[in-house]
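Asker: Residue numbers (this note's numbering), protein chains in the order written: chain L, 1 to 204; chain D, 1 to 204.
The set of hints was computed from the structure by calculation and includes no laboratory data. Bear in mind the structure is a predicted one, so any value in this text is a computation, not a measurement. It is possible that some hints are incorrect.
Which copy? The list can't say, so a pair holds if one copy fits it or any two copies do.
[To be verified] Computed cross-link-like contacts, BS3-like style, restricted to lysine-lysine with a CA-CA straight-line distance of at most 27 Å: (1) Lys133 to Lys193; (2) Lys47 to Lys87; (3) Lys49 to Lys93; (4) Lys204 to Lys93; (5) Lys87 to Lys49; (6) Lys165 to Lys48; (7) Lys165 to Lys193; (8) Lys168 to Lys87; (9) Lys107 to Lys193; (10) Lys48 to Lys107; (11) Lys165 to Lys133; (12) Lys48 to Lys93; (13) Lys204 to Lys168; (14) Lys193 to Lys93.
2 protein chains.
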Amino acid sequence: MLNNSCNEFLNQLASGAAVPGGGGASALCGALGAALGSMVCNLTLGKKKYADVQADIQRIIGRTEELRNQLQQLVQADADAFEPLSKAYGLPKDAPERDQVMAQCLKDAGAVPLRIMETCAQVIELLEELAEKGSRLALSDVGVAAVFCRAALEGASLNVYINTKLMKDRALAEEYEAQADGLSAEWASRADKTARAVQTAIRK
Amino acid sequence: MLNNSCNEFLNQLASGAAVPGGGGASALCGALGAALGSMVCNLTLGKKKYADVQADIQRIIGRTEELRNQLQQLVQADADAFEPLSKAYGLPKDAPERDQVMAQCLKDAGAVPLRIMETCAQVIELLEELAEKGSRLALSDVGVAAVFCRAALEGASLNVYINTKLMKDRALAEEYEAQADGLSAEWASRADKTARAVQTAIRK
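For reference, chain L alone in the conformation it holds in the complex:
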């Protein structure tokens, strides 16, 4: 899906087509945040002024690139999980297999935004470190990355809930919701804290 041009991706998103939707867009938003983290690393590597932190920055960029790759794959995973679900909706209300098929589809479709959230949380943790160690010339980009990862986290959380809402297995629904709420509560505020710290430093 990301092999399409950005213009084409945006056109598809804007259309009434089943995919991409808000879940895939959230994964892409997180990937933009991870990419900005990598950019800050690339602008810090090889600079004499930051000689002391080169090993840390090398470790961080290894992780931001890995997480960016995961988020890019989650754009497609979200589309792949949504398509069987939209077919399941189309089954006759009295089809004997309907409940079981729907249950499996909702389980799969809800798991993807949870993975998006977990992946964004890991990016946010690295951004906290980058805000301390990365090149001062790219500090604003750490802040932009943090607001994007927060948006991706919150967008994905909404996409967990649209699936759990329809689940008949309320134990699984509550488990997914508790995971989403836990990730939001911790990481949205940590992303916010990093973004605010960057904003304060830049306004000085």
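Model the placement of chain D on the given structure of chain L, informed by the hints.
Answerer: Chain D only, in chain L's frame:
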């Protein structure tokens, strides 16, 4: 720039190349938000249940598509404004034209993120209306759009400040900063309010 594949755009963003950076990424994030607004309109148009609001939705999608197009163009505009600035940095410190060239480049480079902010503000206003009138089946996407537009607004605001910080013309710097702060204060909180309303409705 958006004619490149999404993967390629992300690779360029992650690299140490001068563009795209946090400003262009913010415009893209806003474009994703506007596209989600259009998607909600497309999922509402032609539906009997929403017969009463068809004219409103037609008006809204006309605007979200226009604003999306503007945000897509602002990705390129941000790159176009940054390149002369990065060349100006390279001028010898004692070059007689340096101050004047830098002043013009900073004025241009700071104006782009302000336009990104103004455009996102207009998308947010439309999302408020869509949260009321759009298809309930796509309500979560209105929320995702709102968190994206908020992130784009905040990311662009940081990019206003990195330019004003370097301006010798302090009157212009303060004018730009006042505009950015005014847009942030009003529209980040309105986007937040919309996102929270969606979240509350979806959790019911």
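Asker: Now look at each hint and say whether the structure bears it out.
Answerer: Comparing the hints with the structure gives:
no. : hint             : in the structure
1   : Lys133 to Lys193 : within (16 Å within a copy, 34 Å between copies)
2   : Lys47 to Lys87   : between (53 Å within a copy, 20 Å between copies)
3   : Lys49 to Lys93   : between (66 Å within a copy, 20 Å between copies)
4   : Lys204 to Lys93  : between (62 Å within a copy, 24 Å between copies)
5   : Lys87 to Lys49   : between (57 Å within a copy, 22 Å between copies)
6   : Lys165 to Lys48  : between (53 Å within a copy, 24 Å between copies)
7   : Lys165 to Lys193 : between (31 Å within a copy, 22 Å between copies)
8   : Lys168 to Lys87  : within (18 Å within a copy, 61 Å between copies)
9   : Lys107 to Lys193 : neither (33 Å within a copy, 30 Å between copies)
10  : Lys48 to Lys107  : neither (50 Å within a copy, 31 Å between copies)
11  : Lys165 to Lys133 : between (42 Å within a copy, 21 Å between copies)
12  : Lys48 to Lys93   : between (67 Å within a copy, 21 Å between copies)
13  : Lys204 to Lys168 : between (53 Å within a copy, 15 Å between copies)
14  : Lys193 to Lys93  : neither (48 Å within a copy, 37 Å between copies)
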